[in-house]
Each structure stands twice: as C-alpha cells, then as structure tokens.
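S.K.: Chains as they are written, first to last, in my numbering: chain A, 1422 to 1845; chain B, 1422 to 1845; chain C, 1422 to 1845; chain D, 1422 to 1845.
Treat the hints as calculated values from the structure; they're not laboratory data.
Some clues are possibly wrong.
In this list, chains with the same sequence are indistinguishable; a pair is considered to hold if it fits within one copy or across any two.
Said to hold, decoys possible - Straight line, CA to CA, 20 Å or less: simulated SDA-like cross-link-like pairs of lysine to any residue: (1) Lys1729 with Ala1501; (2) Lys1843 with Arg1731; (3) Lys1510 with Pro1479; (4) Lys1510 with Tyr1499; (5) Lys1478 with Leu1536; (6) Lys1843 with Pro1783; (7) Lys1729 with Glu1607; (8) Lys1729 with Ala1793; (9) Lys1843 with Gly1503; (10) Lys1510 with Leu1579; (11) Lys1478 with Tyr1545.
Being a predicted model, the structure only gives us computed values, none of them experimental.
Protein chains: 4
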Amino acid sequence: MKDNALVTGFKTTRQQSLQACEPLAIDDYGLQAEAFTSPPKWHLAHTSWFFETFLLKPFLPDYQPFCEQYEVLFNSYYNAVGEQFPRPKRGLLSRPTVDEVMHYREHVDQAMMQLLSMVDHSDYLQICQRCRLGIEHEQQHQELFYTDLKYSLAINPLYPSYMNGLPEKQLTESSVSEPAAMQWCEYQGGAVAIGVDEAPLSHENFSFDNESPRHTVFLQPFALANRLVTNAEFAAFIDDGGYQRPELWLADGWAVVQSENWQAPLYWRERDGQPVEFTLHGLLPRNPDQAVCHISGYEADAYASWAKARLPTEAEWEYAASSQANDHHEYMTLQPSPASGDQPLLQLYSDCWQWTGSAYRPYPGFSPAAGAIGEYNGKFMCNQWVLRGGSCVSQANHLRPSYRNFFYPQDRWQFSGIRLAKDL
Amino acid sequence: MKDNALVTGFKTTRQQSLQACEPLAIDDYGLQAEAFTSPPKWHLAHTSWFFETFLLKPFLPDYQPFCEQYEVLFNSYYNAVGEQFPRPKRGLLSRPTVDEVMHYREHVDQAMMQLLSMVDHSDYLQICQRCRLGIEHEQQHQELFYTDLKYSLAINPLYPSYMNGLPEKQLTESSVSEPAAMQWCEYQGGAVAIGVDEAPLSHENFSFDNESPRHTVFLQPFALANRLVTNAEFAAFIDDGGYQRPELWLADGWAVVQSENWQAPLYWRERDGQPVEFTLHGLLPRNPDQAVCHISGYEADAYASWAKARLPTEAEWEYAASSQANDHHEYMTLQPSPASGDQPLLQLYSDCWQWTGSAYRPYPGFSPAAGAIGEYNGKFMCNQWVLRGGSCVSQANHLRPSYRNFFYPQDRWQFSGIRLAKDL
Amino acid sequence: MKDNALVTGFKTTRQQSLQACEPLAIDDYGLQAEAFTSPPKWHLAHTSWFFETFLLKPFLPDYQPFCEQYEVLFNSYYNAVGEQFPRPKRGLLSRPTVDEVMHYREHVDQAMMQLLSMVDHSDYLQICQRCRLGIEHEQQHQELFYTDLKYSLAINPLYPSYMNGLPEKQLTESSVSEPAAMQWCEYQGGAVAIGVDEAPLSHENFSFDNESPRHTVFLQPFALANRLVTNAEFAAFIDDGGYQRPELWLADGWAVVQSENWQAPLYWRERDGQPVEFTLHGLLPRNPDQAVCHISGYEADAYASWAKARLPTEAEWEYAASSQANDHHEYMTLQPSPASGDQPLLQLYSDCWQWTGSAYRPYPGFSPAAGAIGEYNGKFMCNQWVLRGGSCVSQANHLRPSYRNFFYPQDRWQFSGIRLAKDL
Amino acid sequence: MKDNALVTGFKTTRQQSLQACEPLAIDDYGLQAEAFTSPPKWHLAHTSWFFETFLLKPFLPDYQPFCEQYEVLFNSYYNAVGEQFPRPKRGLLSRPTVDEVMHYREHVDQAMMQLLSMVDHSDYLQICQRCRLGIEHEQQHQELFYTDLKYSLAINPLYPSYMNGLPEKQLTESSVSEPAAMQWCEYQGGAVAIGVDEAPLSHENFSFDNESPRHTVFLQPFALANRLVTNAEFAAFIDDGGYQRPELWLADGWAVVQSENWQAPLYWRERDGQPVEFTLHGLLPRNPDQAVCHISGYEADAYASWAKARLPTEAEWEYAASSQANDHHEYMTLQPSPASGDQPLLQLYSDCWQWTGSAYRPYPGFSPAAGAIGEYNGKFMCNQWVLRGGSCVSQANHLRPSYRNFFYPQDRWQFSGIRLAKDL
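Hey, can you work out the whole structure from these sequences and the hints?
M.R.: The structure is reproduced here in structure tokens:
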C-alpha cells in the first residue's frame, strides 16, 4: 500500500463501516446480546477511538479530542491507555447517540486527513504504519459487526432480517446440483517454513505481528479434505447421536454440551417441521450442501472424531494453502456457499473459518511491540484455538495463508466450520 | 370516574406516556440496565398490550391484533395468558422499532375508542372496570418509566440528563432556610380499621384489590416522625460508621451490604470532593435538607436502629395518614423537596415512598380475581415489604392513605426514603 | 426450672447431645452437604462455645479457654463476639478431631459445674438465666442435628440409615386403619392476646425473647383443619399437576419450582416403581396416612391454594392451640405418625412444624437484648416465615403454643408440613 | 518390570498408599476443599476401583464385586463405564467408612493376587499391561493425595500439620549458604526427536500413551535456566508490583488475578510480620533460596515476562533434559529444596513441576486406546498446559524426560514452579 493508497484505503474502509450500517434502524445500533459481542454503535466509535488514541493524540499537533470521556468509553482492552468502560455494559451507552457518534467519526476523519498530509512529519513512517494497522483493525471490526449483529438479532423471536433477500447468485446456486464429493489432498510434510518475515507494522504488504516471524516446523505426512463439512454431513453426525455420545468429545467440550444443552449448530431451527437456519437475511431453509457454520471448536473436534479424522494443525493448513493460488472472493456473501471450483483445496477463504487443532501461542521468536499497541495480539495468546482461512463476512484483503484468527473452543458466533485432516 | 370521564382518563393517560418520552433520543428507548428494570419502549408496548389482552381481544368483535407475536413479547408475567419473552432480555428487542411501537399504540387507542363507545355492550360494566384498571396500570408504569430510566442512565459515565434544568421552584427553594425540625406526632391506636371496602375493580372511586377488604387491626400507642429523614441526617449515620456496624443491621441486610459493598445511597457520588447526586437532571449538588432517597429497606431499617427508633407498620402509617387532609402534589417534581407545610405529618405523598416494617401479605379475607387478571397483585404477596405514601414521580391520583406499594427490601432504584416511628 | 433443676437440666441436655451421636461413625461427624446445614461435630462444639462465650469467659474467675482459636471456629453468627469461620466450610474442619471436641465438651462441662455451684456469685441470677438459655439453645441444635444429618445422608446413593429399624410402635400403627377424616375447627376471633409476658431470659418458665411481649391482635372468624395434610392428599395435588400450574403458586415460589425443578417433597423417591421416602431409618415405603413432610413454605401455600384454603396466620394458630390442652409427645419419633387422638386439633406438636402465612417480624414493643446475646433472634426478623407447633425431632419442652420457629419459604430440610385454614 | 516384579510392584504400591495415610486422623479422610481435589478416602477407593473395573471384572472368572454401588461411587470420569457420582460431592460420602474402604482394598488385593497368578490366562499379556497401568495410576494418585490434602488442610485456621517435623536433612540444608547463582545453559536445537516409541501399555519399560509416538520437532536455538526461580526472586517480582501490572500478564491471567485477588503464591502467609508458608509440616518460615512453589501457569508466565524471559516449550525442556543424566530423588521430601549439585540443569525432577508454554495436545500420530481405558488421557488434551519434570511429592519412577504432566493455567495447588527460557 503506497502512501496515496494509504489515504484511499483509509477513506474506503471508513466508508465501508458506514455502508454496513445502512440497513439498520437507530434502534439496532445499541444491541449487545452477550458480553462477547459489541453493539454496532460501539464498533463505529471504537474504530475511531483507535485512530484518535494511537495517531491523533500522539502525532497531530494541537489535536482537540472530540470528547475527553470517550477515552474510557471506547477503550476496548488497552490497559496501558487506561481504564475501560465495562465490556458487558457497552449496550447500555445510549449516549453518545448514533448522531453524535457519526459526528465523532467525521471529526476523526478530518483530523486523520490532516495528519496523513504531513509528509514531512518527523514520525511519518510510524504514522503510516499505524494508520495501516488502524485500517486493518477497522476491517476486523467490520467482520465482528456482522457476527455480533447476527447473534443479537437471533435473540429476537421476530427473527429480524439485516438485509432482505438473498443475493440472486446464491439462490440460483443452492442445491441445483450435487456438491463436490469430499476428497483427500495429500502432502508429504517435512521441515517447512510458515509465517511471514515482513516487519509486522509495515504499511505496505501488511501482516499482523502474530503471523511473524517466519520459522521452520516439522510436519509428518498428512492429508486435508478438499472441501468443508456440509450441513448434510453434520446432520448425519447428529442423527448418529453425536451430541449424546461423550466418547466423541474432549472432556471440556462434553461439559459444555451438558451445561449449555447443545443439540445442533448455533442457528439451526425447526419451523413447521422443516429445517431452517437464522441468517442475516432472516430465517431461511437450510441448504444441505452448504458448509456447516457457527459451530464451536469442540463440535468441530467431535465431528472429526466421529468421522475417524482429526482437525488440521495450523502449520499443516498454512503449508497446504500456500501450495496453491489464492483465489479468495472479492465481496462478502453473508452466507456460505456450496463448494465449487477446480483447485485442489476448495472453500479456503470465502465460506467459514476453519478450526485447527492448534492452540494459539506465539511463534518462536515473537515478541509484542512496546507500549499499548503491543496489547493488540500478544496478551491473548493462550487458551484460544487458531482458525485459518476466512469467511463470507471477511474483508478480502485479510484472506491469506498466514492469517491467524483465534477464538475460544466454545465460541460459536463466528462463521466457523470444519475442514478434516488425517495422518498418512 | 364517570363514563365520559373514563374516555377522558384513557386519552389523558395514554398521552402522558408519550409526553414522558419526549425528551428521549431514539437511542434511549431500548435501555435496560438490569433485569428488574424495563426499557421505555417496552413500557409503551406493554401498557398497550394490557388493553389489547384484557379488553380488545375478549370484548371487541372482530378485533385484529396489531401483531400476533406481541402477545408473547409484551406479556410481563401473566402465565394464564401464555409464554413470556424473558424479562432480562427486554432491552434486546430492537424490533419492533420505536416507530412500530407508536403505530401499535395508535392501533390500540383507536380500537379502545371504538370499544368504549359500545355502551350497549353486554359486558359494558366489566369493560369499564377493566379500562379503569388499564389506566391505573399505565400510570403505575409511568412511575416505573422514571425509576427505570434513571437507573439505566446512571450506568453511563456521561451522566446524561433526562431533562435539563431543575424546575425553578426547586432551585430557589433549596437550602434557603433551615428545614423543619423533626417532631414526633403521637397516636393512641387501639382497634382501628384500615383498607378500603370498594369493589376492587370499580371504575369509579378506584382502588387496587390489594387495598381490600377494610378490616380491623389493633394498634399499640405509637408516634411517627412529622417529616422524612434528610440527606444531612443520613450523612451523619454514614459518618458514624453506619455501613460498617453489623449490630445496626438485619442479618440479611448486612449480607447485602457486604456482597454489594454498599457505602451510601444508590445515587450519591463525589465530584471534585463535593457531594453530588445523580438525578433526572444529571449530576446535581446534594441538598442536605432534602429527604434521603433511593435507599433500600435494609438501609431504612438500619438507620432507624441507629436513631433508636423503628420503621412504622403499614397499619400505623395508614391510620395516621387518614387522620389528616390529603394534600398531595398535582405534578411530578422528579426530585424530592425539603419538608415544608403546616400539617402534622409532612411529606406524606410527594417526595419519597416510605418503607414500612410490614411484610406485603394479603389482608384478611382477600382473594385474587379469577383468571389472568388475578395475577395482577396476588401472586406477589410474599417476601416484599410494604411502602406507603408516594413520591415525586407518582401520579397524583395514586396518592391516598390506603395505597400499598411493595418492593424487595434490597431494592434501591425506587424513590424510597424513611419516616421514623416509635412506641409510646 | 429451680436451681438444682438447672444443674440437672444442664447435665441432661449435654448428655442428650452425645446420645444422639452414638449411632454415628467418626466419618459422619464432618458431614455438611449445604451451607445451611452444619456437621454433627460442629453442633457439638458450637453448643459448648455458647456456654464458654456467654458464661465461662465473662463470669468464671481465671477460666482458661480450651483453645483460643475456637472462639472464631465455633462462632456461628455473633458479630459482637468477633470474626466467624465461614459457614459453608464448616465441614472442612477435620481438626479439631471428634476426640478433641469431646475433650472440649468435658472441659466446658466441668467449668460450668464449678460456675453453677457459685451461688454467692454477684451475677448469679444472670448466670442462671444465661445457663437456661444455653440449655434451650443446645436443645434447638439437637433438632438441627437431626435435620442436618438427614439432609447430608440423603446425598449418598447408599441411603445410609442413621438408626436401623423403625420403632415398633410406628410400624404397627402405620396404615392399619383409615386416618382421621379432615374436619374444620371454627373460632370466632376478635381482639385476643398472643405471646408471653415473662422476662425472656428468666431461667424458670422459660420462653425465647421473640415470643414477647404479650399483646393484642384482632382476628376475623376463621377455621383450622383438625389434622395435617397427608402424603396421600399431597400426592393428589401432584397428580393434578400441582407442580406444573403457575396459577397455584406465589411468583417467587414458582421461580424456585422452575430453577430447582421441584416435582415432589424433598425426600420422596421411587424404588422399583414403588413410592418410598428417605428417612433417618433409610429408605422406607411411603405411608399415605402420614403427614406430608419436608416441604417448603411455597409448596405449603400452593397446596392450600389448590385445596381452596389458605395457611393460618401465626396469631390464629396460637390462639387456637391455646384453647386446648397441650398434649405433646415426650420422646422424638424421628418420623411423623398418622393423626390420632380426640382433641379438636390433632398433630399440633409431634409430627411436623406447620407453615403459617405470617412473616417473621418482631412483636409490637419487642427489643433485642443488649450486647452479643441480642443477636440470638432479633437480627433474623425479616424475609422468613413463621412455623408453629413442633415436630417428631423437637425437644419436648419446646412444644408450646407461643413458640415461634422461622425459616425461609424455600427451605425444605426441616420437618415441615401443612395445616390448612380458611375464613368463615 | 518383569512378571514377578509386577507382583512386587503391585504390593509395594498398594502398601505405599496406606503408609501415606498413616499420619491421618479418621476425621481427615473425607476432606475435599474444592471440586478439583478428592478426599484421601476417595483416592484409596478409586485406585481399587481401577483394578476392579479394568482387571477383575473383565478377566477374573466368577469375581464378586465388593459392593455393586461402588461402580458409580468411585468412577472418576470414565463415561464408557457408566455414571459417576458428582465430583464436587465426593467429600460427602461418609459411607463407606474408612474401615469399609480398607476392607474393599483387601478384597481387591486378594483377587488381584489370584489373577496375577494365572500365568496361563488367555489374556495374560493384557492383564500384565493393565496391571502396570493400574500401578502407575495409583502412583499418580499418591501424588494427588499430597497435593489435595495440603490444599484442604490449608483451609483450616489451625494450620494442621500432616507430618510433624521437617526432615533433618532439609532443616540443616536450608539457607546455610548462598544458593547456586542462576546461569543459562545453551542448546542449538534443530530437528530433534522427542517422545517415546514404546507401546504405551507395555508393562516393562512403561510410559503413558500421551508420551508417544516419538516424533521430530524443529527447535530454534534456546537457553534454559540452570535452576528454578527462588522464593526470594519471586518476592522481588511482587515488590516490583508484579500483581498490579497488567502489562506483564496474559489477558486471561490478569482476569484471574482480579477475580481471585491473587497477591502471592497460594500458600504464602504472614505471621507476626514474618514471611511463612503453609507446608505439609504446618506453617514454616519461608526459605528464600527454595524454589517458589504452588504458582499458576499465569503467574509463571507473568514472572517470565517481568524477567525478560519466557517459559520453555515442552520440546525444549525434554530435549535439554535428555542430554544429561537423570539423577532424580528416590524419596519424597514433601517440600522443595534449594538448588544444589553439579549437573548443567539442576532441580529437574525433585522440587517443583515446571510450567511450559506448550498447550497440552496429542503428539502427531497419537490415537487413544479403544474402550473406556482410552479415556485415561486423550480426552483431556485441550485447554491445559504441559508441565515437565517432577516434584518433591512425585513417585521416583515417574521422573523421566518424556513424562507429560498437565494442568489448567490457573491451577495452583500442585507443586508447580518456574524454570526460565530464552531465545538465543
């Protein structure tokens, strides 16, 4: 991303956040159904706070914050910046209103334009690096916007639709033909390199710090499924007593199945005896050929046990994905599609994030950046599992072999699915 | 309330609910900070549901409900009507939107006008009775609207003001002179009658079923304080270690003091070292002569112990209040005022509800009405304490000696205060 | 109780506590299944602590405590004495061992004999009063010993028997004949006196402070059932959907039914398709004519609603019980018996405590004693319900019309049952 | 372990479990302070249940179980065997008594002797394998016996001593000289093999299934500290605000620090202003040179951050430990000792388990055994962290480079400490 490209990227990304909100009523902007989700309004404000905190306040001379108290209200988790308004209560911030948050965004946008024009600024390189991080950060929140909103709307028995009508492409595609049969793609492994070596905060050729440094790992021979597990396949697991058989589950996963009374993926429902699922287009018939979605890592692992397979490691996934062209989507489809195409591995990036069996830990030699910005990734590197690929609500430029997504194994509200692996 | 008066009462009350919402932003209508509060939008919808459920559906021929699913969404607690949307999640109903709820209200209002015009309806008397109950019910929710909104706004560190500017009357009144000195008013007791004998659902001369039947109780000689405990007096209790001395507290109360870390009334704050309190006008200096407000029954009881007094019983309160003219306010002041006037007992109705030491139980001979409407009061008659009087956010026509309000002893979000009593 | 009688009473009571423990294995002495129960060993130690704290330390010259740390370990809830070991962890005090606690008891007993022999002690009267209170206190703990032990043993799938073999009397009595038919005993009420006027801490003619002062109440005409509700009658309530019909329940009670999934009284079980119940003699066939036992106040209230009756008030109960001879049992039977006899009211004292509809509050004019001993009853006077009568595990000398027992309405582990009442 | 050796091993191990209990009072056998600990009596019974379930019932003709219900009572977590008595309530099983459990052990021992003598049994090899597993299993429970008992005794303000008197060796050793200075031992890494290839259930040359298969990993150059972090060093971390500085902690760890209010290692106390710690010998002065013990993985990680180092990976640890002689202790010392010796890496096995930064996951190619016995390790392979080495309460034959211990990162009740690592 060149410097002009940086300005363009900034404007485009900021605009995308607003566009994503267009279908909403004002009433929707404060929705927060659980502590792990955030309201749309909060996403809009926090992404602005990020630019204000890490760029405008330290680098723009005489910058006047829009409102002093936002420093606390919209701080997500940066202890080095200071106190944070309690996460579970973000939905209770009726003030600032949506209107005021929009003004806040404009205030930040204007100041950012001013800052980015200061090409002689003594910290210009760092400004560009941080601006690029802020853009990528806002894109991550755009994905969270969709997953959080879907979760909150699903609480409502009216099953509100975020956007009416499934894109024509998907409606015509669905179930017209048999899905691609599942096949195993084999890899010999050995000592291979994964990760990237770019400076993490480079504003060109960006990658997150958790993708570095590039390093050698040793892989045994393995195979990956060429496509994701489908709704029909997952239904067969359920019909075979999958949720009632502890021998298929990790002990911690089985405990959650019991305590949460899990019986099916998060958004599966029955209506008039027919299988449906809640989507961003409201309740829709469940497409048997579509990748199963919104399942936890525990469910992914149990399914793999049932299928006499296992989850891939993140190194296996990255190594295999790196060995073919990256043909990710260019637009969000909001729902997974059935597998199609002629690459060895299908559905790498555009349908569901794929749970790996790897715990999220730092790569050998990783160390977080100094200061508050070092809290971006490093402190979360425990207890979560790595997911690889991308989903139907991911931003296109995040879709690459080395990207490491991570969630707790019980999390289900992301667009997360299953790609099987096995030893050779 | 005569029949024309009934129509007028209906229109006026419905209008008052809308007026109360005028200062709100759309963003505020969904606020629900705790399960025991409800969002403004929900109050607006539920009070309409009440008319729809208990009047329009059973009595208006060919009535078309506005939306079938509202029967569940806006049912508060009537099991005989059917399922209820979970109370703690009312704030997550972004749909219906405020606009849609306003349409719902209009739909109900028009149908009600139609029904009330059917003077030849075979159930006309019952219609009038239930309509009157619906009006009183909506007035109760108007008071809850203020208490719930205040609670939810207080979560926000911006301390938003519901309505800017304290009414001039209160600003000029406050602290200009010494408050009335506390004095004891003495009563001889004996066998006295309390409660009312009117048919509970009469639409003229209305009272709630829990105020009946009128019955005899036996009172020992007692005295009541002529005014409520002030902020200054309560501050003295705190300064004397009130919140650190278990011997002053009921055991259950002391357990709450510990678990909730109570140190002061609910809305007391410090700003720049000065005592302030959160009000519906935002943060204001704390007026030492004003009645202490937003305290739990446990705090009221502990204060009374500290003051070597006790809380009145509800029978003592009613008997004493009945012995003087009822000079309640005609408008809501949104904040308590310092005591003034020349009646024996001051501040009976217009400042804070007054905790009594009486458990909320049915009067001898009470039985709830048949059907769903019997759930209005009867099933709540345990574990709560009776409060008497009225407050600065009560509707004027609810202010009478026999009115029984009731909350759990740990509740603090109502405008609740203390009137002391003692044995003679 | 004369002074010699006091020494005899002390010795007898102390001995009874040991006798009650005789059937136990050492393994049983530490059992505490829930925070609201206490282990047998703790009861033995705490009752000794009571004498040590309120008599030996203040009054016996040069008294040497058995172990300084017991002051904290065995303090139940006396804040004025000092800190308390956390109640839910009493079962974790494997030390002192049972042996050491027995030595502690002997140490206290010897010192008490010494103190009671000091008839010239300047505080002799107070010593006698407190000694009497300590005796009554230990007798209350003897009843708790049985209720707590039963609760803890019931957790064990082996269903251990505290004492093998039902007393012959009960086995032969059970079900041989039809139980007495239920009849209503009528009372005219009016202004009547309840409570006792004795000095609460008198050591002769003892009563607890919560039974005083004697005072006038006004009763409407009422009737009481001549016997308690039986297992067969309660089974009919269950068969009629009692636990599935919210309209029968107080709202708080219904919430507990849901959260705890109550379906039957606490100790009802099925074995090989037959109705059984857990008793202190292990699992026994359920006797249909026996008083239903181990039910909460909520269940009692719901049953009364179903039976189109209500619970008595404590004043009604006391007034009615005072009008006939007190023919309580002289020994504990450990299980309720079917109703028999020829008094108007049967089963007043010897089967199950009887839930009243009265909240546990101080009588008019009550004030707790000064100092720590004032914590005995006063601070618990809220949120609990009064039970009257006595049970098959109560000490005989506690059985009198004025005795006020009290538990939370959700409590089921006491021997608690139902006597119906109605308005006339 | 040859076949005769197997019988000897069985007898010795069974005897050791009893010897460990000798200092206990009967009162102590039921102690269970938290759900994650088990009572001594339960350890004694469950280890017998293991032999009964996996050897006697399937292989010994006409075996009569001691008590049918023990199958449920003493099943720890084997779903394939059947239901389990709830883990948090194990302390409530006063029956069977200690005496009865001792009889149960004898019953099992005799039947095992019979079974092991059947050298012509058609499943003799499997019997030997499972017997060896049962022995190792019981040895693991011997270690848990100490950790669980220490935890439960620590709840008691009397601070009971499991065994009076510190072994003379330790008393004379402590603090007499400066501890060995910390030094870095360097390793070049590369592609190295870890794990073992023995058949997991071999009864000779035993290893657990989670140590297999042996496989290649790739290590970057690294260094390990030659000894463990000491109490004095950890105290410096505390003095430098270690528990108040979120930047040192993983996010999940910081959340636990807040919610649990951690301020120091689990058993550190102050007495009369002096630093002491609770040990199996009661409260003892805290030895500054001793390895810091009973800390969580989060605390280990935070300390490492503070020391500008990191935790080792399990592969680094195993590789380094394999490169020197295994000079583990032959007896349990019950408390860590100061570092001494002349090997490159000190305190590998005999003081504290060492937290690694590796998540506990299966090795490449691992698959659990079929049937219930496959639940031994496999289903726990998520969310826990690997610890390596051994401790002062580990059985000597468990001390080897490849042994994988695992606990949740918040766990502190094991004898767990810190060995630092760094990149080269």
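S.K.: Broken hints, numbered, in rising order?
M.R.: 3 and 9
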